[in-house]
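Asker: Each chain is listed here by its residues.
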Amino acid sequence: MNISSYTIILTYFMTAIGVTAISLVETIEPSFTAAIATGAAFSVYFNVTKRPPIPKWLWNFLAVVLLVFFIADYAYISMSLIVSSARFLAAIFVFKLFDLKTNRDYLMAYVLVFFELLAAAASTVSIMFFALLSLFVVGGIWAMIIFNVKKDWQRANCGGKTPPGEPPGAIFGLPFFFFVLASSVAAVLTAFIMFFMMPRMELGFFERKTANAIKVLGFSDKVDLGEIGAVKTDSTIVMRVEVKGEASREFMRLRGAALERYDGKSWTRTMKHITSVKKDALGRFETGKKSKGMFEQNILLEPLETDVIFAASFPAVIEGKFPVLMNDRSGSLFVPAPPYTRLEYKAWSSPGMRVEDSPRDMSSFLDVSALSEDPSWGAIKRLALEITNGKGDDAAKASAIERYLKANYRYTLNPETGKGKIPLEDFLFYTKAGYCEHFATAMTVMLRAVNIPSRLVTGFVQGDWNRLGGYFIIRQENAHSWVEAYVKDAGGYGWTTLDPTPSAGFGSYTQPSTLSLYFDLIRWKWNRNVVHYTFSDQRKLAMVIEGRLHLFVSALKNLYTTQAFRHATQAFRPDSIRAKALSYVAVSVVIAAAIFFAALRLSRSKGKTAKTPLFYLEMQRMLRRKGIVRKTWETPLEFSERVDNSRVTEITWAFQRIRYGGAAETPSLDAIKKALEGLKKDLRQ
Amino acid sequence: MDCSEAYEKIEKLKNNLNLVIRGKEEVIELAVAALLSRGHLLIEDVPGVGKTTLAHALAKSINCEFQRIQFTSDLLPSDVIGVTVYNQAAHSFEFRPGPIFANIVLADEINRTTPKTQSALLEAMNDRQVSVDKVTYRLPEPFMLLATQNPLEYAGTFPLPESQLDRFTMCIRIGYPGEADEREILRSVSSETVIAGLKPVITADDLAAMQTLVEGVRIEDNLVGYILAIAAGTRAHKGMRLGVSPRAAKTLYRAAQARAMILMRDYCLPDDIKTLAVPVFAHRIIPADGGFNDDIGGDKGNSLAVTLIEDVLSNVAVPV
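If you're matching them up, the sequences are chains A and U in order.
This note's numbering applies: residue 11 is where the first sequence begins, and numbers increase by one.
This note's numbering applies: residue -5 is where the second sequence begins, and numbers increase by one.
No wet-lab data here; the hints were simulated from the structure.
Hints are all accurate, no fakes.
Below, simulated DSBU-like cross-link-like pairs (lysine-lysine); rule was C-alpha separation at most 35 Å, straight line: (1) A:Lys111 / U:Lys244; (2) U:Lys232 / A:Lys641; (3) A:Lys416 / A:Lys356; (4) A:Lys66 / U:Lys232; (5) A:Lys111 / A:Lys161; (6) A:Lys641 / U:Lys8; (7) A:Lys66 / U:Lys244; (8) A:Lys641 / U:Lys244; (9) U:Lys8 / U:Lys193.
Predicted, not measured: the structure shown is a model, and the values here were computed from it.
One chain only, chain U, in its complex shape:
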């Protein structure tokens, strides 16, 4: 696959998603960037703005296996990963893969389950494999975990631990649609019908090829320096108890490449990094006065963490 082919496919994918989520091109761009950078996506917003719809539409647009797991407090790791059962006919133990064995997995309301089950996802997210009874099973390629969570409801939830958050490429918010778009939504047929009518535009192989292509997008040395400077800025910032990890910096690097490809460039611009710094970094830091997840709602969901990252960005010189 070459670049122009990739651009074409990405365009189709974006169009498909646009049919379902109206007026949210940036959100779609971010979601696709997470997909192309072999990442996982955490969608955090109030109910009813289209979190699950986005995940569904993404899965439907790609001709691949899709699984949805509704996370509840009594969900067990084996419910997600799979379980080894005794096959009486064969007189042997055999592994029954759980719903995680799919190309795109939607973990709905991920913060409703216990840390035990949440942690079962760690290996799957990071290493794209699961280990059951000393046997390691590879997950299918490509693999992407889409998780949603409702930041407003605290009762009966288990906030994701830092280690888990760090494994999500981005945490995005969809936000309310604009007035005109909302009017459109009301007038049009229900999103379920639209999703049902969606046709896959790319195959799993296409996706894998595009993911490889993204890794070859040119990123100048000084832009790497820019990423490092932003990362260092979060670590030195007085308003943050915890800055971002090297994994986060690496994620930003890859996501910037993906964004460049989505915007039909074979090279990164400082803008790619600057735009992605907030969705990639904001959910990973811990503000000094514990203000994460407050002040949600509205279009932007301008939490304290976002403000802090924006503050870092306004203090780092863009290399030209």
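Chain A with its partners taken away, still in its complex shape:
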């Protein structure tokens, strides 16, 4: 068996895979598959009898016709991108079968088969597909081996003969076939074993490992007073938040954990009652009541040493790749364990108030037992009553305390120690200066003193605005704590956000340099579009493209479609299988006839053109690398005279004897090899 028989067998093996793949595309009718199969079968005769391939102009013409047909198919007949493109691919593939000249043509045909497989993959769940894919891999390996042998043979034999030398059939005996088959199967098996054995590493270069997780304070179950102050100078980026809609102009607080128990020194989360958040129909976590004013945030959270999930208050819906999301009674959100890698998720938040109409047991939000023993408690309670004296409802009282603290206390990151026994006393009566935690603690305690349920919230405030990318860069130093109070509002009872810290406490807002913004933007984009590019993103992209295309096509149709034309195409829209089959048969017959006549015309015009020997091409390549290029109008001899190198002259003459002198005087291969090596050395110098 010679190599061309081999390639033909291989090609039709691949063809069978391709046609089967097309038949797997669920919405393609059997009649079309049959037409394709017929075309492929016809090409067997064409290739076996070694008819000349279809001429270039015809091939181009057919490609254009097919493209037009593809558009028409999409617009009027199938109205589906997958079906029309699968048909297009199949038709192009059949044409290619009539145009197999060079190795590249064959490889192109196999690539088309691969695309057909892709089309099938997009629309089938049949187990057949798996078998087809395996067969394709085997065929692909087969192809690679055969074409490599062919190429090596041609190179070794200088391609001097016309047609260029083909390996003798003796090589391609049964042993060769079994060797190829065995190595293909072995390759497939190895790949499968590797696939199942390889550890699933998701820690790529751009994903931070746990070891590098950023230490954050203030988000554990217990927060000591002063913890947050310690990070106020740390500019490590902890997250990036892209806010969509109008809300991006408002000041944003990203809520983390809420703490309710205060013992005079530290805050503790006692709400151990953790439930997992339910998912809605779209698979998103419903963390609160949805409202009309919700705004969307895209959050990219660096790996922090906390299991808390942040979102602007108050988060109503969270969408992310967490297996579960949990919350406690305070509305803090958690994942089961601190994440290993960057987390990307979306949150929709309703600003304003978190309505909780049916108040449960509020005792833990009013608990001041740890302080009531303290001698300062009386003073604190007095102060609170003084501030709220004469104010009407709880909401007014709360804002009175907020205003009082804002107006009469100073923000500092280095509070002094006063005469007070506990930090709170120091802050309220002696130093009158502190940072967010002091303000928030004081306010929470005072609210409780006047019997308003309240809790302390830790989180982040918005950081630097990256105007280039349209997102906030939030750093450790943007950590903040504030207060939530349970008060009655126009909408009923609920939790509302209060922040007694003077605005000086929101961190310094020096605008970062544009360059650093650019770098951060690149990081953001990379993470958004590359690292986190998932199948669902692909699907979304495909849907968007399909949707756009549909719009475009229908717009086109409206532009050009008259009523009469619509009626005319109606007739062609294959409602019945027979009509479809007929139209395909008609198209195939026309195409086959065109190819046949073109082939007939070509077979009359004789004249084979020999190919340029590879060693001459190699020489030209070597010279080209050095910038020495033969002009198209330059004869090889003129070129060698210009280059003026004895090796080049030698190779040129060997080339000329083969190329123009026929095979009569084949120069020895070794001499050419030596000359090429010598030339390589000459060029290196």
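Let chain A serve as the given structure and place chain U on it in line with the hints.
Answerer: For chain U alone, kept in the frame of chain A given last:
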């Protein structure tokens, strides 16, 4: 005759011609190529550079019949071809062959005669026969017409018609010799003496055999394509009113084979075609602004037509 024998004889012929025309190897190569491709040669140059000497030397080197016709304005076709006279003794008309009946004919200053006489040569050049009084006479084999003309003198000349020019395989120019060669020419004995001393190196039969051999020189299909591309290029060129004829392309094909043989190859290279394109094609085209024959003199005689052909060559890709 086989190739090596042919190479040997060609080498001898070239050496012989080199004795007479010094330092003009390319010119000799072209002349021999025209000879081997069964062609005719038009030598166009100013007087005194060796046009006639070349023709003489060529004829002398071949052991064959040589005739020289000095073309003048009153020369008649019968003076060239021959005439039928009445033989009183035999009581019949008999044909007296003219000087054209020879293996090598030198038509000196061919443009000095009338178109009538010039045209008498057409049949002889193309079909290697002449017809007189309804009788056709074959010319001897091999037959070659060498014509010379002086491009500078226009007074009293009749420029060769296109149809005539198309029948000359090549139009070559000899050009002035180099300084060293000219010094040599001055020092040496006169060319007449040299020619007189020349011994024929090939016979007419040898020449015929070599001409047959030339027709078997391998010329690859893509080189044929190259010839066609050049020919098509002249026809499409904006600077030419008239491109070359299929006969010209065919002539180039044969001349390329002859050149390959002269350079001891049994196959053609693109260089053969490229080198011969100018001498074979340049005299056949008509430039759009009528610039043929101007700007003669100097070594190359770089006329407008030559420039145009070179322009075509620089736009046609050489097949490799």
